[in-house]
Amino acid sequence: MSLLKVRDVVTAYGKIEALKGVSLEVAQGSITCLLGPNGAGKTTLMMSIAGILRPRKGTIHFGGEDIAGRPPHAIVARGVALVPENRLVFPSMTVLENLNAGAYQRGDKQAIAEDIDKLFARFPRLRERAAQQAGTLSGGEQQMLAVARALMSRPKLLLMDEPSLGLAPLVVEEIFRIVTELHKDGTTIFLVEQNAHMALKVAQHFYLMEQGKVSFSGTPGALAEDEVIHRAYLGSSKI
Amino acid sequence: MSDLAQNTLDGLFLGSSYALLALGFTLIFGVLRRVNLSFGPAVMFGCYAATWVNLNFGAGLVLLALVTILGSILAGAYVERLCFAPHRGGSAIAAMVASFALWMQFEELASIVLPRHLYDFPPLHGGAPLAFGAMTLRIESLVMLFAALLMCALLWWILYRTRFGVAVRAVIDQPQAAQLAGINVPRVFMLTFALASAIGGLAGFLIAASHEQVTPMLGMWSTMKGLLAMMLGGLGSLPGAVLGGLALGLLEAHSQWFFGPQNRDLIAYALIFILLAARVPWMTTRSAS
Amino acid sequence: MAKAALLLILSVLPGLALAQAPKADLACKATGTDFVFDCTIRLSRGGKPLEGAQVTVGADMPSMPMAHNVKPVKAQAAHAPGEYRAKLDLEMLGVWAVKLRLAGPVRDQLILHYEFDSKGATPAKR
Amino acid sequence: MDDYAIGVLTNIGLISFLALSAYLLLITGEMSFGQQAFFGVGAYAGGMLTAMYGWSLPLAALCAMALGALAQFLVGLPTLRLRGLYFAMATLAAAEMARILFELFHFQRQLEGEPVGPDGSQGFRGIRWVFEHGVEPLEYLGMVYALLALALVAFLLVERSRLGATLRGVGEDAELAASLGVNVTRVKLGVAAAAGALAALGGVLYAHHNTYIEPRNFDIMLGVHSLAYALIGGLGTALGPLLGVVLDIGALEGSRVFQGYRMIVFGGLVALLLIWRPRGLLDERAVQWLRRRFS
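So the protein lines, in turn, are chains C, W, D and P. Taking my numbering, the leading residue of the first sequence gets 1, the next gets one more, and so forth. Taking my numbering, the leading residue of the second sequence gets 1001, the next gets one more, and so forth. Taking my numbering, the leading residue of the third sequence gets 2001, the next gets one more, and so forth. Taking my numbering, the leading residue of the fourth sequence gets 3001, the next gets one more, and so forth.
Isolated chain C (complex conformation) (with noise of 0.2 Å):
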């Protein structure tokens, strides 16, 4: 059963179309995967399905009900939730009020705080630096800081852009270990990656996307891992 089906969404910048029909389906508690290589669409993909942009054409249906061109607060109610690309923390407060900002939308005091307890166990780091403006953490501290203010509104799916950008490789193998830890405890999460390699031992089925449109679907075994590599990062040119 699928969480979320994406059918011939179309967007663009102005006459520009950054989509040009996307269709994919994200399974219920899985982890799902999106390579492709730069100026593909993917980041365009993540924030027409966040409402940050608003497709022209086609349907985004999230538990049964379409969402597209509905505005961000709207789909975050219905338990969506995007870490944007390069993170976007709050950064003059601290990463304690950037926790209550990402649970806005829940009025459960009691609740909000053990979530926060929960996550400060889950990224030791950030308790450590609870009083800190968000500002002045380092790009890892960040990620992680994005990732848990965007879990803070208990969402059902979390969209992941490119969380491992600009980080240095030990970080990155923590952010992986984490997001396999949250797949765990049944989120499920749509991921977009840079990283072909670290995405697709974790993902349970991918998508590659050329040029806004969605150019193979299938499970990591399905095509031999250099081919992915090299469509991902090169496009389907053909040599």
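Hints listed in this document are in silico derivations from the structure and should not be mistaken for laboratory results. Note that beta-carbon positions come from the ideal geometry of N, C-alpha and C, so glycine has one too. Check each hint, because a few of them may be wrong.
What the hints assert, rightly or not - Listed next, the stretches of chain P that the computed footprint assigns to chain W, with coverage defined by at least 3 CB atoms under 8 Å from CB atoms of chain W:
id: 1; stretch: 3098-3105
id: 2; stretch: 3223-3230
id: 3; stretch: 3282-3292
Once you have looked at the hints, place chains W, D and P on chain C.
Then chains W, D and P, alone, in the frame of chain C:
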């Protein structure tokens, strides 16, 4: 010596009205990153609405204050819908020039509704000012100072102790992240605009009451003073707005005493120019496209 | 246009030709309808009343005179010599710069500042 | 055409210099709230030279333009590194200082028993060079538009040349322009001087058209209007600001039928127009489209 003290008192009184205006300006600038040239005229609209009510029906001070604040909020909402909502993702200059166009509307509307050049406005307290030795302190000054401090405390409580405050600060800090955190950003813009207009309305009421008159120039005057106080205190910083307002008030009171009224404004503008040119840190930290 | 360009080149040399400037004063009273005033203008030149001039009367606000102004009207010669009458329809009260454009025997322009209130107009003291 | 129509057209012509001055700064990325001050410098300087010292109008205009250029250069120097709203506020402060200095400026000469010259807030009466030299209103109109045509030709030439690209480059991204070898400081100061001269020329022409100037003519209203002209008309070409002035003063004259409600109607129209075209009618896209169709 007592002149110095008297000027300082007058400066604090004047400065607290500027601080209130600057708070309204800074809230809008902080959240929207836009300058609202119709901020002063919206306040004038509120004061004119109250004056009109007072002329036709006669009303108590509390009711007049309410009418002023509601009038300012109404005018502010009109400006937000026509000048700032449509240009959210667009250019700051277009929004600002649009707000200038509405300024023209407010001024002409004011001169149609109440054509006379000057209308009197009931004072807060008819009696004689309090006297301590050689110094006199008008009740309006005390009320103005108290209102400014009260408004700062209230704003601080709203921003740091309420859910709406979290939303406002989040939108100020990173608008897209705020959207992703599930904050209804357009609604935050409207509510912040209303809050800023309410603060402006309160300032307008107190200014009109302490001058005991309302003139069409109130729109330009409050826009300029609010803008300058905001600049002096550091663009987009709320505590800065209050400090900037008080500093401007003190500067004007003292320079008026020593150099006369016209030189007062000259000195205020000269100081702002020099501080901007010297790129003093607190004034130029926040980028303003 | 050719004459304008010629004029441009010809008159580069400084010259001090200061023709006798006409004088004027204004007496206006409100007519009851909003912002409309009945004005009599007394024109004189070198102490003698200036007769037979075509006078058009306009008014500008001090701030943004090019935009905040009133459409000029032609004044009619009144019975007394050097006196002209005009009905001035202002859009709002306050200080206006009344602009008199003279044509005929002398071509000139005068600007007088008057404060207009609900009763009439008094010379503006600034 | 009766005097009234000539008067309106002349106003449109001389205000266009102010609009071009604000436009020139806008395309190099600088939003100035202060062009009215240099308009005032031109008006006072030009007026004094003709009315008090008997200079001819063309010579006085040239000198006034030089003074306007120098004034804006001096304001530009300390504000070189300011950007966006900070630059706008600095120019606003400088312009208000100029206005107040005009209020304090009393300097008169006795000519034939009459005091002639600026008298502080009473203003400066009797700039009658045009009437003393028998210049017909139509001729004055011709002169204003001849000069305006000259300025326009210069603008259109510059906009097509490398210099035009440099200006817009500095406007789009000064750091990037610098990295490509553009001396941003020299460009900004050059633009400041040119803008000051343009505004001053407008001022001289205004002073001699109106025969009377006062400090309140050069207040913040005029400054923000000069920005509005460029923005309503369009930032794509030098014709944009002119279109803005025609729309502003033309529409205002045309909408006399609304009598006391002109500003309300006009203000609303401007706000709606900006929603539809945030960079004005003749914005960059419109100009590209027009160039494609007609070239």
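For each hint, the structure was consulted:
For the stretch 3098-3105 of chain P, the stated coverage by chain W is satisfied: 4 residues place a CB nearer than 8 Å to a CB of that chain, which reaches the threshold of 3. Check on the stretch 3223-3230 of chain P: 3 of its residues sit with their Cβ under 8 Å from a Cβ of chain W, so the three-residue criterion for coverage holds. Coverage of the stretch 3282-3292 of chain P by chain W is violated in this model, with 0 residues showing a Cβ closer than 8 Å to a Cβ of that chain against a need of three.
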